[in-house]
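Listed below are the residues making up each chain.
2 protein chains.
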Amino acid sequence: MSERKKINIGLMGLGVIGSGVARVLIGKADAIAQQVGCPVILKRAVDCDISKKKSSQIPARIFTADPYQLLHDPEIDIVIEVIGGDTDALEYMKEALSRGKHVVTANKEAISKHGPELLSLAADHKVGIRHEASVGGGIPIISPFKQDLLANKVSAIRAIINGTTNYIVTRMATENADFATVLKQAQELGYAEANPANDIEGVDAVYKLAILATLAFRTAIYPEDIYREGISRLGSRDFRYAKELGYAIKLLAIAKEENHYVQVRVHPALIPEDQLLAKVDGVFNAIEVEGDLTGKVIFYGRGAGPQPTSSAIVADVIQIAQNIKLGLPPKPQPQPSRIKNLTTTSQIVTRYYMRLTIADRPNVLAQIAKVLGDNLISIASAIQKEADESAQTAEIVLMTHLAQESAVQQAIREIEALPVVKEIGNLIRVED
Amino acid sequence: MSERKKINIGLMGLGVIGSGVARVLIGKADAIAQQVGCPVILKRAVDCDISKKKSSQIPARIFTADPYQLLHDPEIDIVIEVIGGDTDALEYMKEALSRGKHVVTANKEAISKHGPELLSLAADHKVGIRHEASVGGGIPIISPFKQDLLANKVSAIRAIINGTTNYIVTRMATENADFATVLKQAQELGYAEANPANDIEGVDAVYKLAILATLAFRTAIYPEDIYREGISRLGSRDFRYAKELGYAIKLLAIAKEENHYVQVRVHPALIPEDQLLAKVDGVFNAIEVEGDLTGKVIFYGRGAGPQPTSSAIVADVIQIAQNIKLGLPPKPQPQPSRIKNLTTTSQIVTRYYMRLTIADRPNVLAQIAKVLGDNLISIASAIQKEADESAQTAEIVLMTHLAQESAVQQAIREIEALPVVKEIGNLIRVED
Chain W
98 MSERKKINIG
108 LMGLGVIGSG
118 VARVLIGKAD
128 AIAQQVGCPV
138 ILKRAVDCDI
148 SKKKSSQIPA
158 RIFTADPYQL
168 LHDPEIDIVI
178 EVIGGDTDAL
188 EYMKEALSRG
198 KHVVTANKEA
208 ISKHGPELLS
218 LAADHKVGIR
228 HEASVGGGIP
238 IISPFKQDLL
248 ANKVSAIRAI
258 INGTTNYIVT
268 RMATENADFA
278 TVLKQAQELG
288 YAEANPANDI
298 EGVDAVYKLA
308 ILATLAFRTA
318 IYPEDIYREG
328 ISRLGSRDFR
338 YAKELGYAIK
348 LLAIAKEENH
358 YVQVRVHPAL
368 IPEDQLLAKV
378 DGVFNAIEVE
388 GDLTGKVIFY
398 GRGAGPQPTS
408 SAIVADVIQI
418 AQNIKLGLPP
428 KPQPQPSRIK
438 NLTTTSQIVT
448 RYYMRLTIAD
458 RPNVLAQIAK
468 VLGDNLISIA
478 SAIQKEADES
488 AQTAEIVLMT
498 HLAQESAVQQ
508 AIREIEALPV
518 VKEIGNLIRV
528 ED
Chain L
98 MSERKKINIG
108 LMGLGVIGSG
118 VARVLIGKAD
128 AIAQQVGCPV
138 ILKRAVDCDI
148 SKKKSSQIPA
158 RIFTADPYQL
168 LHDPEIDIVI
178 EVIGGDTDAL
188 EYMKEALSRG
198 KHVVTANKEA
208 ISKHGPELLS
218 LAADHKVGIR
228 HEASVGGGIP
238 IISPFKQDLL
248 ANKVSAIRAI
258 INGTTNYIVT
268 RMATENADFA
278 TVLKQAQELG
288 YAEANPANDI
298 EGVDAVYKLA
308 ILATLAFRTA
318 IYPEDIYREG
328 ISRLGSRDFR
338 YAKELGYAIK
348 LLAIAKEENH
358 YVQVRVHPAL
368 IPEDQLLAKV
378 DGVFNAIEVE
388 GDLTGKVIFY
398 GRGAGPQPTS
408 SAIVADVIQI
418 AQNIKLGLPP
428 KPQPQPSRIK
438 NLTTTSQIVT
448 RYYMRLTIAD
458 RPNVLAQIAK
468 VLGDNLISIA
478 SAIQKEADES
488 AQTAEIVLMT
498 HLAQESAVQQ
508 AIREIEALPV
518 VKEIGNLIRV
528 ED
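Chains as they are written, first to last, in this note's numbering: chain W, 98 to 529; chain L, 98 to 529.
Bear in mind the hints are in silico, worked out from the structure with no lab data behind them.
Hints may be right or wrong, so weigh each one.
As the list makes no split between identical chains, a pair holds if one copy fits it or if it spans any two.
As the list claims (entries may be wrong) - Listed next, the in silico DSS-like pairs over lysine-lysine satisfying Cα-Cα at most 30 Å (straight line):
1) K519 to K191
2) K376 to K340
3) K428 to K191
4) K140 to K428
All chains should be built: construct the whole structure from the sequences, respecting the hints.
What follows is the structure, given as structure tokens:
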């Protein structure tokens with residue numbers, strides 16, 4: 098085997114992330130070369146939008162608008178894919194792997210939907226595919242699952258893995274502001290996209306959770322397996338009541354395994370405010386992993402942005418480049434297959450927070466309590482609040498003990514049908 | 098190269114940690130074999146204390162009291178060293194490496210004092226030495242520095258890396274209890290050793306910080322390079338005052354690099370209570386790393402105990418075993434040498450908390466303020482507390498703006514000499 102004199106990189110996508118990666122590869126070229134043992138050259142960068150040639154500030158001579166000029170270049174060793182999505186980007190990654198190029202990607206959508214296929218293609222062509230940047234930005238989390246936590250049987254993941262929604266819920270909690278107002282400000286500040294559905298409806302968190310759960314439980318979990326509920330129904334009063342009860346509200350990504358059954362869900366949740374996860378504010382992310390040996394371990398940091406994401410991508414590049422330089426093959430990745438069962442949403446057992454608008458008259462709580470009792474749900478605490486005298490209504494907040502989701506949904510239907518109940522304000526699961 | 102049918106482990110040390118490691122290797126043998134691709138056998142376990150043959154619950158046939166029966170066994174591939182200390186344990190590790198055996202160790206003292214020598218010996222014999230368990234127990238931290246954070250220039254580490262002292266300061270803070278009382282209870286509960294000096298004087302934290310700083314700054318840092326101050330001088334009143342000022346007090350391990358100058362120190366520090374590190378309580382550890390790309394990343398979890406430590410040790414074993422099974426050489430480790438300068442303690446610039454007992458009469462604060470001003474130290478806030486009428490003394494707490502350590506030490510000497518000052522109660526650095 099001839100000694101490698103340099104390693105060539107092809108970068109696909111020159112948006113905010115791609116430009117950031119290019120800056121790091123160029124700006125830190127000396128430090129990277131030192132770690133790898135030879136220069137790591139950004140040889141080619143592609144974006145179908147020709148304006149990126151200028152705006153991304155890469156050297157003009159390496160720019161191309163033709164992806165295949167990069168993919169068909171036999172000198173390119175590693176392809177960095179930061180286009181995103183599961184259409185073109187997926188096709189390019191497959192093409193790169195098929196041509197014996199290693200792939201580094203931040204693409205949570207493609208990895209969560211097509212991870213096993215990509216891993217298998219990489220194995221067939223004896224190359225590696227790495228995606229540390231797909232979850233948690235600059236927070237090391239993929240690699241710990243593949244290495245440091247190997248000796249553990251993981252029983253649970255609880256994660257705040259979407260910075261946009263965490264920014265919004267943090268501001269709703271601290272400023273008593275409503276969802277629409279905070280979302281608008283988040284958009285103005287660039288923390289939320291013009292079309293924010295992917296974040297606020299929990300889709301982004303679902304992709305990331307699918308990736309984490311697949312690694313943690315060593316069974317293939319796909320986005321469609323995951324129960325999903327976004328944050329748009331949260332009212333500022335929910336944050337007030339939660340605080341009064343000693344809780345924060347976060348959009349949580351939860352994955353648990355019990356007796357070979359895996360449950361995976363993304364939804365707003367009340368978290369006791371003395372837990373560290375409750376204190377993860379603003380655009381920060383945190384992933385809590387519970388292993389049988391480690392107990393709870395938490396990884397915390399910036400989950401997005403060009404610099405943290407570049408940190409993860411370039412670390413992946415350096416590690417692949419080190420192996421190329423040493424003539425070592427990529428480490429074989431286990432091919433996840435579906436070997437465990439999924440718990441359906443109706444089987445979830447947890448505690449619940451319910452906010453109801455009721456007629457302000459005697460015995461209403463008794464009627465509600467009876468419905469809950471008939472469904473084997475017991476009340477842990479109840480607070481009645483803020484009677485609206487003109488409307489002759491009051492608001493009541495209930496916290497239940499552990500109850501099964503199906504029973505709670507049945508009870509909610511029955512409660513909604515009670516003449517004394519004006520509205521089900523919200524139903525939020527509690528993560529103790 | 099012939100296909101490996103099994104990989105043999107030798108375990109040195111059958112104390113609490115060693116027994117825990119044996120339990121995991123035996124109890125999880127199937128899961129480990131699946132990850133490695135062949136059985137990983139605990140072939141031999143050694144402890145010079147023959148009573149451990151029984152108390153450790155290992156199969157009696159694998160026990161020996163003779164280290165060399167293990168070290169000279171050509172069939173043993175990986176030696177796990179959990180004896181600790183830098184005498185026998187160090188010798189055994191060298192012997193193992195010299196005989197071409199891979200080493201996995203939790204030994205922070207030996208690694209911090211002799212890391213470069215051990216790495217070099219391992220490289221000479223084409224074997225690996227791994228020590229994830231040497232810092233942070235079950236928290237992945239060594240491996241992130243070697244891999245996931247590679248693209249970063251690390252500017253700072255701030256860490257709570259000694260569970261015993263964090264347990265003590267947490268209880269002092271929450272119960273308004275004094276140091277001696279809490280230490281005694283911690284000893285009764287097994288959270289502090291009969292001879293607690295290693296923990297409470299910060300020696301253990303110094304070993305761990307030396308390891309982290311060496312990795313982070315890619316320059317050799319030894320325990321004797323690190324300024325050290327333990328927690329025994331902390332009074333319960335310091336926690337009260339700190340809280341009033343909006344701070345927690347923790348034993349912090351701090352390493353910073355600025356302009357190729359590295360400062361490394363372990364001492365109690367005031368941390369603003371809204372920072373996550375201030376909320377790390379009890380026996381938990383947390384390591385905050387600040388990189389130029391990631392920003393602040395925090396790793397949190399249980400830093401000690403047989404199970405978390407086994408998690409790290411067995412993960413190291415699995416990774417070495419995977420490489421052996423695949424016929425891959427261990428990844429080369431950079432040999433740290435001293436390439437950066439150390440900042441002396443007197444050059445540290447930070448903020449300070451001072452607690453003084455003074456004569457309860459007019460103009461005392463003015464005299465103190467003058468000394469501070471003469472030394473170019475300005476006061477950020479001052480509170481005067483709890484006049485003791487019988488003794489005609491009062492207590493005063495000062496928070497300074499940024500000041501240089503040498504100036505502060507000079508000022509303290511001058512303040513102590515003032516007739517109106519009865520006692521310097523405490524001087525604690527602030528980490529904002």
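Enumerate the violated hints, using their earlier numbering and listing them in ascending order.
Those not satisfied come down to hint 1.
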